[in-house]
Structures are given as C-alpha cells and as structure tokens.
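Q: With chain A's structure known, arrange chains B and C on it following the hints.
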Amino acid sequence: MTEIKAATEAAHDAGPEFSTPAGDATALAAAPAGAPTGAGAPVVRRSRGEWLHFAIRNKKVVGGLGVLLGILAIGVIAPLFLQYGPRERGVGPRNGAPSADHWFGTTTFGEDVFTQVAYGIRATFLVAALAAAVAALIGMTIGFVAGYVGGIIDEILMVITNIVLVLPVFVVLIVITSYLGINNIPTQALIIGVFAWPWVARAVRAQTFSLRARDYVDLARLTGVRPLSIIRKEIAPNMASYLVMVFILLFAGAVLFAAALDFLGLGPREGMSLGLMLQLATEWGALQLGIWWWFIPPGAIITMITGAAYVTNVGLDEVFNPKLRET
Amino acid sequence: MSLRVDNLRVYYRTLRGDVKALDGVTFRVADGEIMGIAGESGCGKSTLGKSLIRLDGRMRYIEGTVELDGEKLPVDDQEAMNRFRFTEVSIIPQYAMSAMNPIRKIGKMIAELLESRGYRYSGIKPELERRLDLVGLSREVLKRYPIELSGGMKQRMVMVISTLLNPSLLIADEVTSALDVSTQKAVAEALVDFRDRDFVKSMLVITHDISLVYQIADTIMVMYAGKLAEKASTQTIINAPKHPYTQLLISSLPEVGVKYADRQLTGIPGSPPGLLNPPVGCRFRDRCPLAFDKCVEEPPFVEVAPGHEVACWKAM
Amino acid sequence: MLQLNRVWKIYRVGAFGTKQLTAVRDVSFGIEPGEVVSLIGESGSGKTTIGRMVLRLNSITRGSITLDGNDISQVTGSGLKEYYRHVQGVFQDPFSSFNPIFKADRVFEMVKSQYFPRMKREAWWNKLDAALADVRLDPGTVLNKFPHQLSGGQLQRMLIARALLLDIRLLVADEVISMLDASTRIDVMNLLADLKARGLGILFVTHDLALGNYISTRTVILRKGVVVEMGETAKVFSNPRHPYTKNLLGSVPQLHRKWSEVAAELHLDDRSQVMHCDYHDRFPGECGRPAADPDQPNLVEFEPGHFVACAREAITESDLVTA
Numbered sequence: 003m004t005e006i007k008a009a010t011e012a013a014h015d016a017g018p019e020f021s022t023p024a025g026d027a028t029a030l031a032a033a034p035a036g037a038p039t040g041a042g043a044p045v046v047r048r049s050r051g052e053w054l055h056f057a058i059r060n061k062k063v064v065g066g067l068g069v070l071l072g073i074l075a076i077g078v079i080a081p082l083f084l085q086y087g088p089r090e091r092g093v094g095p096r097n098g099a100p101s102a103d104h105w106f107g108t109t110t111f112g113e114d115v116f117t118q119v120a121y122g123i124r125a126t127f128l129v130a131a132l133a134a135a136v137a138a139l140i141g142m143t144i145g146f147v148a149g150y151v152g153g154i155i156d157e158i159l160m161v162i163t164n165i166v167l168v169l170p171v172f173v174v175l176i177v178i179t180s181y182l183g184i185n186n187i188p189t190q191a192l193i194i195g196v197f198a199w200p201w202v203a204r205a206v207r208a209q210t211f212s213l214r215a216r217d218y219v220d221l222a223r224l225t226g227v228r229p230l231s232i233i234r235k236e237i238a239p240n241m242a243s244y245l246v247m248v249f250i251l252l253f254a255g256a257v258l259f260a261a262a263l264d265f266l267g268l269g270p271r272e273g274m275s276l277g278l279m280l281q282l283a284t285e286w287g288a289l290q291l292g293i294w295w296w297f298i299p300p301g302a303i304i305t306m307i308t309g310a311a312y313v314t315n316v317g318l319d320e321v322f323n324p325k326l327r328e329t
Numbered sequence: 310m311s312l313r314v315d316n317l318r319v320y321y322r323t324l325r326g327d328v329k330a331l332d333g334v335t336f337r338v339a340d341g342e343i344m345g346i347a348g349e350s351g352c353g354k355s356t357l358g359k360s361l362i363r364l365d366g367r368m369r370y371i372e373g374t375v376e377l378d379g380e381k382l383p384v385d386d387q388e389a390m391n392r393f394r395f396t397e398v399s400i401i402p403q404y405a406m407s408a409m410n411p412i413r414k415i416g417k418m419i420a421e422l423l424e425s426r427g428y429r430y431s432g433i434k435p436e437l438e439r440r441l442d443l444v445g446l447s448r449e450v451l452k453r454y455p456i457e458l459s460g461g462m463k464q465r466m467v468m469v470i471s472t473l474l475n476p477s478l479l480i481a482d483e484v485t486s487a488l489d490v491s492t493q494k495a496v497a498e499a500l501v502d503f504r505d506r507d508f509v510k511s512m513l514v515i516t517h518d519i520s521l522v523y524q525i526a527d528t529i530m531v532m533y534a535g536k537l538a539e540k541a542s543t544q545t546i547i548n549a550p551k552h553p554y555t556q557l558l559i560s561s562l563p564e565v566g567v568k569y570a571d572r573q574l575t576g577i578p579g580s581p582p583g584l585l586n587p588p589v590g591c592r593f594r595d596r597c598p599l600a601f602d603k604c605v606e607e608p609p610f611v612e613v614a615p616g617h618e619v620a621c622w623k624a625m
Numbered sequence: 005m006l007q008l009n010r011v012w013k014i015y016r017v018g019a020f021g022t023k024q025l026t027a028v029r030d031v032s033f034g035i036e037p038g039e040v041v042s043l044i045g046e047s048g049s050g051k052t053t054i055g056r057m058v059l060r061l062n063s064i065t066r067g068s069i070t071l072d073g074n075d076i077s078q079v080t081g082s083g084l085k086e087y088y089r090h091v092q093g094v095f096q097d098p099f100s101s102f103n104p105i106f107k108a109d110r111v112f113e114m115v116k117s118q119y120f121p122r123m124k125r126e127a128w129w130n131k132l133d134a135a136l137a138d139v140r141l142d143p144g145t146v147l148n149k150f151p152h153q154l155s156g157g158q159l160q161r162m163l164i165a166r167a168l169l170l171d172i173r174l175l176v177a178d179e180v181i182s183m184l185d186a187s188t189r190i191d192v193m194n195l196l197a198d199l200k201a202r203g204l205g206i207l208f209v210t211h212d213l214a215l216g217n218y219i220s221t222r223t224v225i226l227r228k229g230v231v232v233e234m235g236e237t238a239k240v241f242s243n244p245r246h247p248y249t250k251n252l253l254g255s256v257p258q259l260h261r262k263w264s265e266v267a268a269e270l271h272l273d274d275r276s277q278v279m280h281c282d283y284h285d286r287f288p289g290e291c292g293r294p295a296a297d298p299d300q301p302n303l304v305e306f307e308p309g310h311f312v313a314c315a316r317e318a319i320t321e322s323d324l325v326t327a
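Chains as they are written, first to last, in the numbering used here: chain A, 3 to 329; chain B, 310 to 625; chain C, 5 to 327.
Okay, chain A solo, but in the shape it has when bound (with noise of 0.2 Å):
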C-alpha cells in the first residue's frame, strides 16, 4: 500500500500538468510539506503503455489522426498512380470542371488540379515538417537551457527570445523572402522555423524550471550526472508529451505560414504547394469566372490539415492530462 498524496495525485501521473500552449505551461502545484496525508481516492497509476489505451479512444484524437494521415497518404501515393505532372498543360481542357477523367477539373491552362493538389500536398506537409523541427530545435533548446540554469543566462536567452517573439513574423518574412528570393522548400521552411520558436522556448522554460526542482533532479546532481544529460535524461523525458503537442502545433502554424507566403507569390515557384495553386487561382481570375475548383480543393485542404491537427492537438491534451477527461 503506497503512501499518496490525495490532492496531487496529478503529480505522480506520467507527465506534468499544462495546458495547451497558448500561453505559458502552468507549473505544477507543490503539496505543503507534511506527514503522511489519507488516502482520499485511490491514485490511477498509469503505466507507459495506458495512454496508448487512452488515446485509441479519444474521438479527437482518432478522428485528427485520421484526416491528417489520410491527406498524407493521398499526397504520397497518389503521385505514384498519376498519369500527368503537376505542370503539365494541355492534358485536358481549359477551365473544365470536375469530370471522370479529371476528378478536380482542370485550370486555365489545361493542368490537372488533383494532380497539382496531390503534389501540393507533399510539398506543404514536407516544408511544414521542416518548419516544425527547425523551431522545436531552437525553442526547445533555449528553453530548456535557461529553464535549468536559470540566471544570468535565462535572462539574456529570453531577451532574445522576447525579442524574436515582438517581431511581426508575417511581416518579416515577407521582407525576407522578397529580398533573398526562396527557390526551394528547405530554405522557406528554414526561414518560417526560425522565427516560429519563441512561444516554444518560453513553455519549456517554464517546465523546465518546475521539473528541475524535483528531487530526482536533486539525485542526479547527487550522483555526479553532467547538467546536459540530466536535461536529455531526466527532464525532457517527463515533458515527452509535451513536447509532441508542441511540434504538433508547430505543423500546423508552419502549414499556414507557408501558404500565406506562397499565396503572395514569395514562395518556391518551381513545383507545386496549395498556396501557389491558389495564388495562380487567384492571379488568373478564377473566383471571377466561376473556377471554383481550381482554388477550393486546395484551400479546403490547408483548413482540414490545420484544423485535424490542432483537433488532434485537443484530444492528446486530453489523453496526457487526466483532469480534463469527461470520465
């Protein structure tokens, strides 16, 4: 029979207490030291593997996860079975709408849409991905260092990073990519993650600091452990699911800012991505003369794959906080 604490039974769960990073993670409340509490309710001890059991059953979860998955596997596979290129003119009739052969129609210049929304589709979820580990590593990094050392350094790190985070980001890419030019997607997507970290360094600053005043951090200094392999050893491992929402969210930002870029012409122009199809749509003057499926299909799926991540987001927010689930 174990000692418990009934009130912070959350704080023996397998991960610390956050909300969604919105704003800074909260940290965890701290029982005032004492005896031995009652045992209140019996504490749900959950094991690695439970919220696997969890997660199968979140609707939110599932759901998000699938429509994500599914966009994926059409932007992978499908170019594999088409017959065109996404730049190829003339494969069918100009502004024809959706039909057998073209299942999205075609545009002004006789191209597949389906085709160039498939190709579309890899090159958005590659350049977000890019994006997304790009700014984990950098924020995660800086949050993680001034959130353990604390001092002096914590203070100039979040001068920088206060200051990156005041920068209008969509303004200073556009500057950016105006000047430089982007001509690929690695460097768009190093360009978005660079600026898209600070938010990221401030909530794992913020846990950090709550985990290192555990006393298992305590032990490990006991034992001589080096700063940076109790951070990789100690620390991030209990922010694990932390950390998974935050790339998450990453994505989905970096998906947006990636569109709006390349629907302002300041994108990689080679290729394909759903904002350049509905920045031709638009250069072409398909909403005037009706060629509503030449600029839907893309925008409809930007929406889904954003809104299937923050919604998947929601539903492991729930599976790692046990307090916000309806049971």
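Honestly, the hints are just simulated from the structure, not real lab data.
No more than 30 Å apart at the CA atoms, straight line, and that leaves these computed lysine-lysine pairs for BS3-like:
1. B:LYS452 - C:LYS228
2. C:LYS85 - A:LYS235
3. C:LYS228 - B:LYS568
4. C:LYS23 - B:LYS414
5. C:LYS85 - C:LYS149
6. B:LYS414 - C:LYS228
7. A:LYS235 - C:LYS124
8. C:LYS116 - C:LYS131
9. A:LYS235 - C:LYS131
10. C:LYS107 - C:LYS85
11. B:LYS568 - C:LYS262
12. B:LYS568 - C:LYS239
13. A:LYS235 - C:LYS107
14. A:LYS235 - C:LYS149
15. C:LYS116 - A:LYS235
16. C:LYS23 - B:LYS452
Over 10 Å on every C-beta distance to chain C, these chain B residues come out as not near it, computed from the model:
17. SER311
18. GLY379
19. GLU380
20. LYS381
21. ASP386
22. PRO411
23. ARG413
24. ALA420
25. GLU421
26. GLY427
27. LEU437
28. GLU438
29. PRO582
30. ASN586
31. GLY590
If you're wondering where the values come from, they're calculated on a predicted model, not measured in any experiment. Backbone N, C-alpha and C define an ideal beta-carbon position, used for all residues, glycine too.
A: Using the frame of chain A, we list chains B and C on its own:
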C-alpha cells in the same frame, strides 16, 4: 446532537474495479464529543470524513445510514446534501490552506459564500469578527488576500469560516498536518475551544497523528484497511488498547524522552492490504502476531467493556 | 569529520535582486563519524537549506564547510563528484525522488555508470545485494519495479541503499520519514540507528523533536536561520535553556502527557522563568546581541557540551505562537 452511522459502505470506482475504501462502519458520536479518528494512510478515515458530507464526486455510496440529531442525512445524494452542508455538517478539508480563492479578498469571499446560502453578510459580520478575535486573528485579515497570510493563519481562517453557521457536526480532516508544532497546538486548542463555546456540537478529528488526538479528543476510533479496529475513550486507547494493531501502533511511536539506546521501538512489518480485493476475514490477519485460525472469519465490532468496542477475536 | 564554519546563506530577492533574505546566519557545528546530529527547527528555520548546502545543492554565500579539513564549499566538477563518494542525501518525499517514468532501480544503475563504470556485472550484483541486505530489503521484491509499485518505506530504504553503495561517511537525511506511515517510520529510524552504530555520520534534519531525541547524539535547534541552542541531546532535552526550545518542547503533542502537564513542568506560564537568559548570567555587563548584527545572538557554553544563545528580547509574546 448525536451522530449515528450504521454500516456505511463507500467505494471508489476505478478502471480496475471498486476500491473498498470504507467497508461497513458503525459507530455513535455523542453530543459535545470530540472523537479522534486515527489510522494510517489508506485506512479509510478521510473517506469516512468526506462521505459524511459527500463532497467527493468519485465516491460511490453503496449502503448504510447516517443520522444526525435524529434526521437522516442523504449521504447518497450529492444534491440533497447541499441543504445540510455548512449549516449542519461542515468540513475543514485537508490542505485547507489552499481552500481559499486566491484572487478574492477573504472578506469578499465569505460574503459571497454566505449570500449563496441565503444569509446576509452584514448580519453575520459581528459574530465573524468576534470569532476572529477568539482565534487570535486581527480583523484586518478580512481585507487581505490569502497569500498574505501564513499557513497557521490560513488554517485558523478556514476553521472560522467552516464553523460560522454553528454546524452540529464538524469534520476536521488532517487540519494540523502541514503546520509547525507551535501552530499545531494553537489550532488544536482552538478546535477544543470551539466545542467548549458551543460553536459546534460534535467534532470528528481525522488524523494520522495519535499523539495530537490524545491531547484533544474524548474518544479515539482506530481504523484499519477500511474497517473499524477499536474505539474507546482516549485514556483507554493509549494506555490499555485491546486490538493488536492499536497496541503495535502505539508502541511504535517515538516519544520525547525515549532513546534508541534505552528502548528500541519496533514497527509493524508488512503493509496494509490493497482494497481492490481485500482479504477475507480480519484484514489485519497477515501482519498480526496473535492471528489464529478463527481470524479467517471477520470479527464483528462489538463492545467488550463499557464504552470500549473492538473488532478482534482475541479481545473478546 | 564534517565541519561547518560560520556558514551563511543569503538570497537576493526583489526586482533586480536589490533586497536580501538571510536564510542561514552564522551557523557552526561539526559531525564526527558515528554521530547523529539533529537539526531541529520549524519551517523557515533554515534547516533544509543547511542540509542542501552540505550536499552542495545550494551554494554557500559565506563561510566554509570542510570535510577532513578540506574546504569543499567551492569545488565543482570532478572534485564535487569525488565529494559525493563521501557524502550523500535522502530527501523527504520518496515518490518525488524517483523519476516516475523509469523503474526504481535505475538509481542504482546511475551510480554504477558514474562511479563504477568498469565493474563487472557479477560483482555489481553482489554489491547491490549486500547494500539491499543492509537496509533489510529483499532484492526480488524491489528490483525491476516502477516507483508507484513500491511503498514509501521501501523507496526510502532503496535510497539509503543507494547511498551505501558509495561507502559514504556522512548521510544527510532531510525529513526522511515525515511522509511515511507511523508503523514504517520506526523501522527506518532503527535502520539509521544501526548504520550510526557502524560508524556512519548522519545529519538528521527534522521538525519532529521526538524523532530527533530517539537517535541523535547531539541536537542543534534552529530558529530563523540562527542557532538558539545546541549540545548533547540528553542535556538539551532534559534541561532546555532557551525560551524557544522550551516553547517547542511545550508544543509537541506527547503520547502520555497532556500539554498542560508539560507546560507546568517547563514552567511555561512563568514568564520570568521562560525569558531567563543564560548569557546575561554568565556575562552580566555584556550584551549578547552584537550591535553589528542584533539578529545574531552570541552563544554561551552553559554547561560542557551545551550551548545557548542570548535570549534577551529575542522572543516576543506573539513569537511564542509562531503563526
């Protein structure tokens, strides 16, 4: 007033089944009595306290009756209990210090609390102030936020709030656990004072600290693994307990003046049984040095001497 | 063996660190092998801070801590790692001391990889078994389990076993049993007493006077970061001289004596008796509170092995009820 509890059973539902946290307890508390409920973690004492006021949504009431002053308490119905909470039955919960809204001034919070119950704050304020004086808090605290008070002050504040409407029964759940020794004494003495001045009629003091409850309680009830082990007057429990668990527990407590070199105390080996599937018969059987074959049959909680009830075959 | 010399801990608080908060003020005492020194105090007394400073988890603002004469107040890196071979700690909350997502015996693995990297597995198992036997744990019961599958008592013993793996000479035990049930507390206390008999020094930080009395050789009573009384445990407990100590002893709930009885014995109702100051007895003309730092009263050796701080104007009426 008096409290009658008959065969109260309250379980917690979990994914793995029902945890039989409180498995059939029967006892009486007399008018003006302070009863200490002592036991280790997991024994069900907190569950008992909370089930009498029904504030925990995870509890599942199974069976049993509770009668306060002759009136049946609807402890199976969360809504129906609302009428009794704060007015007839009140609780000072564990971590009471965190029980106050941090973004409300204390006076405002009390006003809102009273209005929600249909009482006018202005009418009660004079009495409130008198009680603050009694526990040694300045009237200024009403204008402060909880964070400005120390732990002991917050505890006493919650005590005053909980007893403001003179409930018949006060349940004090581990109210001294997180406090310093000198504050513990002040809070414990305030509890007795409240009873002496008739602010509350009877009190259940739930704690793991038997020496504290020895100081202030009239009777002590010892619980183990969801059941009652022994109940008697304070002096009897401390000096002449009959249940093996009580005997071992008392003898394992270090006291000021007892040194390891002089007299080595011993603990109780093993640990309490899990309550998902409690063992058949006496739950202390596995750890009891006096266990014999009859113990596979559960001993009833009966009176073996006037005012002294025990659940043990050896004690009968 | 371990000696604290005029140790201070001052925190900077407030905006831009302009204000100062003194948590520990000019504390000096020592611990010899086989000795248990109890640091007794209420919350805010600085006892945990001192324990953490001895463990070098907090920095030492002023003063020094020496082990066998070597000043370890500022060592870092490999020097610190070496220090941890001799001094280890166990904390209050057993469940917080283990990383919840890993198995409990990972703490032993960490010790092996840091301090015994080249030891063969076979030899390591034997060493581990011996350490677990020392703390009276059965390896089969506690190894290969997650922390939540074990009890608080078992976890605390595992932490003590971990410390013993390193052949330490001093253990800092910070409220190690306050989160355990009454019936398991005494077992861990007896274990500590056994280890003391084998030559381990223990710094026992607690707020519980009964526990301090049970196993300690010497007692240090702290109040707001200052030592108010210290000396051999028997002398301090049977003949408390400082008003604060008397107040503490009078507030502890005792199992066979009511508060009223204890208060009568300590003459707590007689203010002149309570506020009697031994410093002024010994040094009548002098002020026991140096002008430079009136919060730092001087200590006087009341009897051999029993030191008391100046009590005059130290305690006000409201202090006697510490809320």
